[in-house]
Amino acid sequence: MIISHVRIAVSGITALAAMGVYAIVLLFPSRWVFFIMAPLWCVIFSLLVRRLARFSGDRKTSVGLAVVTTIALFSLVSIVEWPPLLWFSVLLSGVISFFLVSISLGEQSGAVHEFKELRRIHAMILTFDLGAIMTTLYAIGIFFPQVPFLLLSAIGGAFFSVASFLVWRLYHDIHIRSHALWILVFFFMMSESIWVMHLLPFSYEISGVLTTWLWYVAQLLARFHFSSQGILWKNQYVFLLTNILAYTATVVFFVRWV
Amino acid sequence: MFKKMSIHWWVLISSTIVLLLVASVLTAILLFVGKSTEQLSYPPQVISDEYAKEIEALRASIRVSEDDAISLMNDVEETLLRVRVPQAALDTHLAAVIQLQTLKRSVASGATQDTIQEELLYLLSSL
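So the protein sequences, as listed, match chains B and Z.
FYI, in this note's numbering the residues of the first sequence are 1160 to 1417.
FYI, in this note's numbering the residues of the second sequence are 1497 to 1623.
Take these hints with a grain of salt, some might be off.
Straight-line alpha carbon distances no greater than 25 angstroms define the calculated SDA-like cross-link-like pairs of lysine to any residue that follow [said to hold, decoys possible]:
1) B:K1219 x B:G1171
2) B:K1393 x Z:A1519
3) B:K1275 x Z:H1589
4) B:K1275 x Z:E1573
5) B:K1219 x B:R1279
For the chain B half of the interface with chain Z, some residues (derived, Cβ under 10 angstroms), not all of them [said to hold, decoys possible]:
6) W1341
7) M1348
8) L1358
9) L1359
10) L1380
For the record, the hints were derived by calculation from the structure and aren't laboratory data.
For every residue, glycine included, the Cβ atom is placed at its ideal position computed from N, Cα and C.
Could you put together the complete structure from these sequences and hints?
See the structure below:
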């Protein structure tokens, strides 16, 4: 049994190490530093989570989440320009790393009120990750027009489909084989949405947020579909209508068209 | 907003149409394709079989276990809370969980290791 002060100490040390790594990338802005530190930390962090996740059970989901989160955080520090926000991102990377390690070290709980909250934290971190990754992909599309956007759409679609699977796995006992078709559907659906979104006159941050918003609603409905009750459409009408109105209002009234 | 727009109307309209098409395809899939996986992966018979297997494994591990009473009860509690319960066994399962809580309290009043082991096996025999 992992006692709580050991858990806090390990999580804290990892969080400090993560902040150190992201700070080094910021303090020494060179391609070499970035392309050495990013994969190195991604491997170290995911191996650490893989080892620690032995105590809490679902290793695949934990490692998947660790890899996607590391990519997202590196993406974030590479595209944010405003210095205070950059250092906030470093702090955020520490907080997220702390949570990921702490969750991995925790015992698997049978109590509904505990695992429901952990699932929500996982799903929230994944949604944040995807927002950051999509923003980066749109930024690459704008700053490096020589990179074919079709490739970026496919990479984005792959991230969305993997993340959908990771979220669904938190709620249902599913496997890649049984849900390969769903993963493929989400891959094509999101790749197409990313392609369409890049044609619209929005900044890369807004495009990232808007695409992630579409994915969030879509994967949520698919998740409900996998449950024994299926989608209770009567309950979802208000949710869907609110989202459609909020999405349209955001695009028309709040977003600056460039 | 619209006066400064840097794209043509047709891009905006066709993009909206594509997004709507994607949404329609997803809606059609959700409405008409496939049964829920929960039912496919977990028909009642599979749930009953897995439940029986888990409870039997638990009984076997208690019989041979040399752990202290608290660890034993924690193991039993963990399994009872985790396992997927068949519809027909819901009431007895719930009763067993409640009995387990009573048993946990009895440790404080000095129940011995052997007594606890026997009580746990008796409790599981009803499942």
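Assess, step by step, whether the Cα of B:K1275 is no farther than 25 angstroms from the Cα of Z:E1573, and give holds or violated.
-> This hinted pair holds, its Cα atoms lying about 18 angstroms apart.
When the nearest CB of chain Z is found for B:W1341, is that gap smaller than 10 angstroms?
-> Check passed: Cβ of B:W1341 comes within 9 angstroms of chain Z, closer than 10 angstroms.
Per-residue hint verdict: B:L1359, partner chain Z, C-beta under 10 angstroms | holds, 6 angstroms
Is it true that the CA of B:K1219 sits at most 25 angstroms from the CA of B:G1171?
-> Holds: B:K1219 and B:G1171 sit about 23 angstroms apart, inside 25 angstroms.
Assess, step by step, whether the Cα of B:K1393 is no farther than 25 angstroms from the Cα of Z:A1519, and give holds or violated.
-> Within the cut-off at roughly 18 angstroms; holds.
With a cut-off of 25 angstroms on the C-alpha distance, tell me whether B:K1275 and Z:H1589 pass.
-> Given pair B:K1275, Z:H1589 holds - Cα atoms ~22 angstroms apart, limit 25 angstroms.
Starting from B:K1219, check that the Cα of B:R1279 is at most 25 angstroms away, please.
-> holds, 17 angstroms
Once the shortest beta carbon distance from B:M1348 to chain Z is found, is it less than 10 angstroms?
-> holds, 5 angstroms
Would the stated hint for B:L1358 survive a check requiring a Cβ distance to chain Z of less than 10 angstroms?
-> For B:L1358, the interface hint holds, since the closest Cβ of chain Z sits about 5 angstroms away, which is under 10 angstroms.
Hint check: 10 angstroms Cβ-Cβ cutoff, B:L1380 to chain Z = holds, 6 angstroms
In summary, the structure agrees with every hint in the numbered list given earlier.
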